[in-house]
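Participant: What follows is each chain in one-letter form.
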Amino acid sequence: MAYSEKVIEHYENPQNVGTLDKNDPNVGTGLVGAPACGDVMRLQLKISDDGVIQDAKFKTFGCGSAIASSSLVTEWVKGKTLEQAHQLSNKEIAKELALPPVKIHCSVLAEDAIKAAIEDFKAKRAHRLAGTQPVAPAEAAK
Amino acid sequence: MLYIIDVPQGLPMLKLPIYLDNHATTPVDPRVIDAMLPYLKEDFGNAASRNHVFGWKAEAAVDVARKQIADLIGASDKEIVFTSGATESINLAIKGVVDFYKDKGNHIITLTTEHKAVLDTCKRLERMRQERIDELKVQRLSELAERDVTVDELAKLEITFNLEKDATYQRWLAALRTGARVTYLSVKKDGLIDLEQLKAAITDQTVLVSVMLANNEIGVIQPVNEIGKICRERGVLFHVDAVQGVGKVPFSVDDAKADLVSLSSHKIYGPKGVGALYVRRKPRVRIAPLIDGGGHERGMRSGTLNVPAIVGFGKACELAKQEMPQESARLTQLRQRLYDGLKAKLDMITVNGSLEHRLPGNLNVSFAYVEGEALMMAIKDVAVSSGSACTSASLEPSYVLRACGVDEDMAHSSIRFGIGRFNTEEEIDYVADLMVRSVNRLREMSPLYEMAKEGIDLKSIQWTPH
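So the sequence lines, in the order shown, correspond to chains A and B.
Residue 142, in my numbering, is where the first sequence stops; the numbers in between run on with no holes.
Residue 1466, in my numbering, is where the second sequence stops; the numbers in between run on with no holes.
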């Protein structure tokens, strides 16, 4: 299969690969996909108290398009508010990377990862305000 | 004037891209091309032209090739039928036997890890039988209900009229001669057939057992000699899909007691578009043809012979026979070199399929926590293939690996290396080094690798399949 130049560029020079401290109250972790399906994305967002994404890191097990989708969204979400990030759709990702139809699910996964990370952060914050213990991000991924 | 240029010693003679996908196809050996050329040029005759020298030359060349091919598998040249390739040979063998022996029985036994040419042929025969059964059901139920019934009503009406106990319908079923019933035997973890399961699966209705000599994905070599013995004892015909194994490991039709053997030219450094079916003469095996028109190949396969390709195929068989001992030792050594190179620097890698009963040039490895297609993208100057779903149109990972009990995630992480005649030590070292660097790079990017290193049991996590 031929890849678009943008997929190759992100695959060869992925941006923001890495890990943030999942126990940091300002970090939200989204873990989506399944090893059996051949792709798992972990997206972590560091969110300021006023709801702006300051940093984003990812690690992805998956094909070139899945890696490129993850890399792209980490670039896109930085500096955005939670509301803006939540509105990012897989269509924009697929369009930017010129993903072929069989690779659309990679962009869907990236969208899901953003939403999961935001939810994790919100759940943590709710627990913190209520004074309860949050669950570990891996388990929160369901 | 001839100039001889000194090539500096010690420089690696490495040319990219590197071809390590010799199970998919092989390059044509230059000696094969040389043998073919006259038959594309001046000796262009039709082997079926009996009345002039052009035809005689073509026929003589085909006779030589027939002998070369027969010699490679210990057969007689009269037992070789030329086809357009192994897919046609396999179709001809299976459908030809089912059609010819339909009065004897209608049951086939094969393996879940066979090539799609075998599996899809079997599926079609099963479908043909089922469609005919449905027609008979509609007919009988219409009689019993005294009205026209449709296929949608079958399930309900079958119970109403107790079709299972209906003597007329049961008589029709017994006389049914369309299609076949198929048993797909599972394989052991190492990819090999369970001979006890085979014995138990044979019934008085079984007409054919079809098993491959060597698997195209994991290279495991089936014990065809033992299988053939069982088939002969039970009076069942034995078809061997020898495409990947012949010319690579010793194989003889008599040792295997094979009745039908499918062969391909382009997997053994011959041209594409030509194959053969071995059809045993003693005791005589009969098949119904798929293609009519002219009665070529003793009526089993009509159509003008592809003389240049056949000549090339013959030459390729001759070379394979001559060079098999040295080549197989060399390829085994290269395979080991590759495996050692990977093993020395990477943890958590698994070889899929038996290493002991295996084609010399095959190595199929799963690199845990790294996805196969991403890995292939990382080594884009090296041609290999992967069991990952992402490399296929379907979204399922390799059915062969799944049949060997390989977990889905590990099937997604698999790479098939197919080492061949023209690969060198330098290439193998380059590939091993590139693989190590690429796997490490992708593992650094893999959340699964990080979790596994932290001691998290990935199986304990509830994932979100999509």
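Hints were generated in silico from the structure; no laboratory data involved.
A virtual CB, placed ideally from N, CA and C, is assigned to each residue, including glycine.
Don't take every hint at face value.
[Said to hold, decoys possible] No more than 35 Å apart at the CA atoms, straight line, and that leaves these computed lysine-lysine pairs for DSBU-like:
no. : chain 1 : residue 1 : chain 2 : residue 2
1   : A       : 78        : B       : 1459
2   : A       : 22        : B       : 1345
3   : B       : 1104      : B       : 1257
4   : A       : 22        : B       : 1459
5   : B       : 1257      : A       : 6
6   : B       : 1116      : B       : 1067
7   : A       : 80        : B       : 1067
8   : B       : 1343      : A       : 22
9   : B       : 1343      : B       : 1123
10  : A       : 57        : B       : 1453
11  : A       : 115       : B       : 1380
12  : B       : 1199      : B       : 1078
13  : B       : 1453      : A       : 6
14  : B       : 1343      : B       : 1116
15  : B       : 1343      : B       : 1189
16  : A       : 57        : B       : 1345
17  : B       : 1343      : A       : 57
18  : A       : 115       : B       : 1453
19  : A       : 6         : B       : 1345
20  : B       : 1343      : A       : 46
21  : B       : 1459      : A       : 57
22  : B       : 1459      : A       : 122
23  : A       : 91        : A       : 80
24  : B       : 1272      : B       : 1015
25  : B       : 1104      : A       : 78
26  : B       : 1015      : A       : 6
[Unchecked claim] Beyond 12 Å from chain B on every Cβ pair, some chain A residues (computed):
no. : residue
27  : 83
28  : 84
29  : 91
30  : 112
31  : 131
32  : 132
[To be verified] Chain A stretches covered by chain B per the calculated footprint, using a threshold of three residues with CB under 8 Å from any CB of chain B:
no. : region
33  : 13 to 21
34  : 34 to 48
35  : 58 to 68
Participant: Each of the hints needs a verdict: does it hold here or not?
Facilitator: Against the structure, the hints:
no., hint, verdict
1, A:78 x B:1459, "holds (32 Å)"
2, A:22 x B:1345, "holds (30 Å)"
3, B:1104 x B:1257, "holds (20 Å)"
4, A:22 x B:1459, "holds (21 Å)"
5, B:1257 x A:6, "violated (56 Å)"
6, B:1116 x B:1067, "holds (29 Å)"
7, A:80 x B:1067, "violated (74 Å)"
8, B:1343 x A:22, "holds (33 Å)"
9, B:1343 x B:1123, "violated (40 Å)"
10, A:57 x B:1453, "holds (19 Å)"
11, A:115 x B:1380, "holds (33 Å)"
12, B:1199 x B:1078, "holds (31 Å)"
13, B:1453 x A:6, "holds (31 Å)"
14, B:1343 x B:1116, "holds (32 Å)"
15, B:1343 x B:1189, "holds (21 Å)"
16, A:57 x B:1345, "holds (28 Å)"
17, B:1343 x A:57, "holds (31 Å)"
18, A:115 x B:1453, "holds (26 Å)"
19, A:6 x B:1345, "holds (31 Å)"
20, B:1343 x A:46, "violated (38 Å)"
21, B:1459 x A:57, "holds (24 Å)"
22, B:1459 x A:122, "holds (27 Å)"
23, A:91 x A:80, "holds (18 Å)"
24, B:1272 x B:1015, "holds (24 Å)"
25, B:1104 x A:78, "violated (72 Å)"
26, B:1015 x A:6, "holds (28 Å)"
27, 83, "holds (24 Å)"
28, 84, "holds (24 Å)"
29, 91, "holds (16 Å)"
30, 112, "violated (8 Å)"
31, 131, "holds (27 Å)"
32, 132, "holds (21 Å)"
33, 13 to 21, "holds (count 3)"
34, 34 to 48, "holds (count 9)"
35, 58 to 68, "holds (count 8)"
Violation of the numbered hints given earlier is confined to hints 5, 7, 9, 20, 25 and 30; the remaining hints are satisfied by the structure.
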